[in-house]
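Protein sequence lines, in the order shown, are assigned to chains A and B.
Be aware that the first sequence starts at 1073, since it is given in my numbering, and climbs by one per residue.
Be aware that the second sequence starts at 1073, since it is given in my numbering, and climbs by one per residue.
Keep in mind that the hints are not guaranteed to be accurate.
Remember, identical chains collapse to one label, so a pair may be satisfied in a single copy or spanning two.
Cross-link-like lysine-lysine pairs, in silico, BS3-like; alpha carbons within 30 Å at most [as the list claims (entries may be wrong)]: (1) Lys1217 x Lys1459; (2) Lys1312 x Lys1336; (3) Lys1217 x Lys1088; (4) Lys1324 x Lys1459; (5) Lys1209 x Lys1088; (6) Lys1088 x Lys1190; (7) Lys1345 x Lys1453; (8) Lys1190 x Lys1209; (9) Lys1088 x Lys1106; (10) Lys1352 x Lys1106; (11) Lys1312 x Lys1459; (12) Lys1458 x Lys1106; (13) Lys1352 x Lys1456; (14) Lys1453 x Lys1312; (15) Lys1209 x Lys1352; (16) Lys1463 x Lys1352; (17) Lys1352 x Lys1380; (18) Lys1217 x Lys1463; (19) Lys1456 x Lys1312; (20) Lys1209 x Lys1106; (21) Lys1088 x Lys1347.
Keep in mind that the hints were calculated from the coordinates and are not lab data.
Remember, predicted model here, so these are calculated numbers, not experimental data.
2 protein chains.
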Amino acid sequence: MLQSQLFSRTLHQDPKDEPSVNARLLSRAGYIDKLMAGVWTYLPLGWRVLSNINAIIREEMDHIGAVEMHMPALQPRELWEATNRWSGQEIMYQFQDHGGRDVGLAWTHEELVAEIAKRAIASYRDLPLAVYQIQSKFRDEPRAKAGLLRGREFFMKDLYSFHTTEEEQDAFYNSVRQAYRNIFTRCGVDAREVEASGGAFTDKFSHEYQVLTESGEDTIVYCPSCTFARNAEVAEGTEKCPNCGGALTRAKSIEVGNIFKLGKRFPEAYDLKYKDANGKDQYPLMASYGIGPGRLMGTIVEVFSDDKGIIWPREVAPALVHLIPVGAGGTVTMEARGLYERLHGAHITTLLDDRADASAGERFADADLLGLPYRVVVSEKTLKEKKYELKHRSGGEAQLVDFDTLISLIRS
Amino acid sequence: MLQSQLFSRTLHQDPKDEPSVNARLLSRAGYIDKLMAGVWTYLPLGWRVLSNINAIIREEMDHIGAVEMHMPALQPRELWEATNRWSGQEIMYQFQDHGGRDVGLAWTHEELVAEIAKRAIASYRDLPLAVYQIQSKFRDEPRAKAGLLRGREFFMKDLYSFHTTEEEQDAFYNSVRQAYRNIFTRCGVDAREVEASGGAFTDKFSHEYQVLTESGEDTIVYCPSCTFARNAEVAEGTEKCPNCGGALTRAKSIEVGNIFKLGKRFPEAYDLKYKDANGKDQYPLMASYGIGPGRLMGTIVEVFSDDKGIIWPREVAPALVHLIPVGAGGTVTMEARGLYERLHGAHITTLLDDRADASAGERFADADLLGLPYRVVVSEKTLKEKKYELKHRSGGEAQLVDFDTLISLIRS
């Protein structure tokens, strides 16, 4: 990847009306660009990060047997009237097409997936089934001033599952919990599984995945000694940990995922039925499971940054190495190009600072702002010693190393 | 891929109000599902085909140095007023958000990309630049009854390039022409490069890529002896081939791609300027290049089908092999599973018909309808001979072959 081709440059000013850390750093570094409140462009560098997150999500979803599909955003009023979610939905963009038909932009897909499931589900032998998508959703958010944390147009991974029995549903639900833990771990964040309200259709808890950070809009109550955690909304009166009896702590957090058991509400609304082993009609149980990949990207930045810029976790970084030539000489440029090719040959993703007109100071400052895990410098000085200067973005001293050591340190 | 997990079954009835071949076959086979006119779900099998097409497009775009990004669909009125494309645009969905702001859904992205380009372009040294995206667009189409050929919500690959000189632009324009030829060839279609109107801002031709088929809504005039082809809209009076003097033929066709030189219209509208080598402000030249991946998928089906179903070209097929166990015996089922794993090990994508309750006749009819390139049958009869039955979807007799021959025939 060449820095000259990223369709952006780093900025010194913050985006308008965007006080959040993720909005400021991602915009200044050239990952995203604001169009209006809650609506952002993913510039090439940001698209790379989001694609890395999406690739992790796809791997973990495929691993538990969920199959990917793609549902549209533009939906007719009638679809939403079946569940009484058309009227009074302030957050849904609703309008008429030129033929006078009422249509809206989907902010979730329980309605449509239950309707489509009628093509797939006829017998108990067809179940369980699980499908997911990663797709753009729309919400007319009144407050959309938190960068990627609260979007009006935003990416969502939504997974839906259909089951014959509670036991079957629980087994799949638990496999999703494991997949979610894997996703958040691979993305570098410590997401707590938190009990939350199950909504109007169950007296059980649903689960949210919450990342602790001062900038969060949620509050959770958790036990520092064990895994217990509960959304403050449903934790009233809980003073001691129900698991271990320890004292509980309150903290701000960002919700990066949630999982819901929905019962039979949606199947009933769309007459989605299957024949059980006795030939009798039954409604399947349904559950839904969400992760916002863009919000997750924003959360990572909220958690991993310092006063100089972003510090990307390894697996989501747009590239592992930021390669920086220092000095105007043709030899330095040529050697940097050569190293760029050798790193590519070693399958190490690299961003080469190939800008013609940047000073050494600008290059170093931009490297810190962009936040790739490793900075490698090629200069007259390093070339004289036939070495390269390697520095971790997360800290520590720069060190002079030869190519083989460079590769093995980056891979370790 | 397991047939039981495709979130669909084959249908005997056609979708409502959809006379086109692609809508009927893709819906009946379970690739897509209609929500309303021009709005479709890509079911897992259809999503696989579209992902294959998108992967080809990405490879060819990356190869010519274009960089991927992602722009939003939801856009403010002011952005479009700068180019006078807000008012009188019947095809644009326009509405107010709950804050009373006029917003619309983008049906193209020249406006936004020119605005964003100001982050990237300051000096002649920043050019040329080329960025693309594959993203959902929206058009309030009055006639949307042609399946994937004319959508109200549809995928678009749109590429935009920026240049200092005509010569530089021509060089990149020609590399895009080659990339487009590669994309269409790899997708199995014979797309003619056709001269078309360049629009209001140039007296030169733009280029369209048209696939000849009776179901097309366009008409082109072309020379059967050489490469000359022109859209009938701009071919009035052209009776003989300007290249070779031969007689011209008229034919119906589907436009699957187009490329436009846009001059300086958009840079001027957004005050997108760069300093030339003399330090003087200049507007860059801009060009845009589109391919509709969904429409391309529909076109492939319009061109490649017979009375039994679809016949996918190799590189876009959802899998290479449709593996069909025939006979109720546990041995057949087990052997089919074993072959499924061995094909996976040989990196041959396979759809296993693992349905419990389908007859041999249903399985064969569905295999023809789904249209994967190879059908492989495992039955008591083939097992007795320690062989498998292989048949091309495109024709020819079935043949009994051993595993090694099977692999080499499929790979050839």
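Here's how the hints hold up against the structure:
1. Lys1217 x Lys1459: neither (46 Å within a copy, 64 Å between copies)
2. Lys1312 x Lys1336: Answer is neither: 35 Å inside a copy and 67 Å across each miss the 30 Å cutoff.
3. Lys1217 x Lys1088: Result: close within a single copy only, 10 Å intra versus 43 Å inter.
4. Lys1324 x Lys1459: neither (46 Å within a copy, 64 Å between copies)
5. Lys1209 x Lys1088: both (23 Å within a copy, 27 Å between copies)
6. Lys1088 x Lys1190: Classified as between; 16 Å across copies, 47 Å inside a copy.
7. Lys1345 x Lys1453: neither (73 Å within a copy, 38 Å between copies)
8. Lys1190 x Lys1209: Intra 23 Å, inter 27 Å, cutoff 30 Å: intra and inter.
9. Lys1088 x Lys1106: Intra 8 Å, inter 41 Å, cutoff 30 Å: intra-copy only.
10. Lys1352 x Lys1106: between (54 Å within a copy, 29 Å between copies)
11. Lys1312 x Lys1459: Neither: 57 Å inside a chain and 67 Å across chains, both beyond 30 Å.
12. Lys1458 x Lys1106: Classified as neither: same-chain Cα gap 44 Å, cross-chain 63 Å, threshold 30 Å.
13. Lys1352 x Lys1456: neither (81 Å within a copy, 41 Å between copies)
14. Lys1453 x Lys1312: Answer is neither; intra-copy 60 Å and inter-copy 68 Å both fail.
15. Lys1209 x Lys1352: Neither. Shortest intra-copy (37 Å) and inter-copy (44 Å) distances fail the 30 Å Cα cut-off.
16. Lys1463 x Lys1352: neither (66 Å within a copy, 40 Å between copies)
17. Lys1352 x Lys1380: neither (64 Å within a copy, 35 Å between copies)
18. Lys1217 x Lys1463: neither (34 Å within a copy, 59 Å between copies)
19. Lys1456 x Lys1312: neither (63 Å within a copy, 69 Å between copies)
20. Lys1209 x Lys1106: Result: close both inside a copy and across copies, 17 Å intra and 19 Å inter.
21. Lys1088 x Lys1347: The answer is between: 27 Å across copies meets 30 Å, while 56 Å in one copy does not.
In summary, the structure is inconsistent with hints 1, 2, 4, 7, 11, 12, 13, 14, 15, 16, 17, 18, 19 from the numbered list given earlier, while agreeing with the others.
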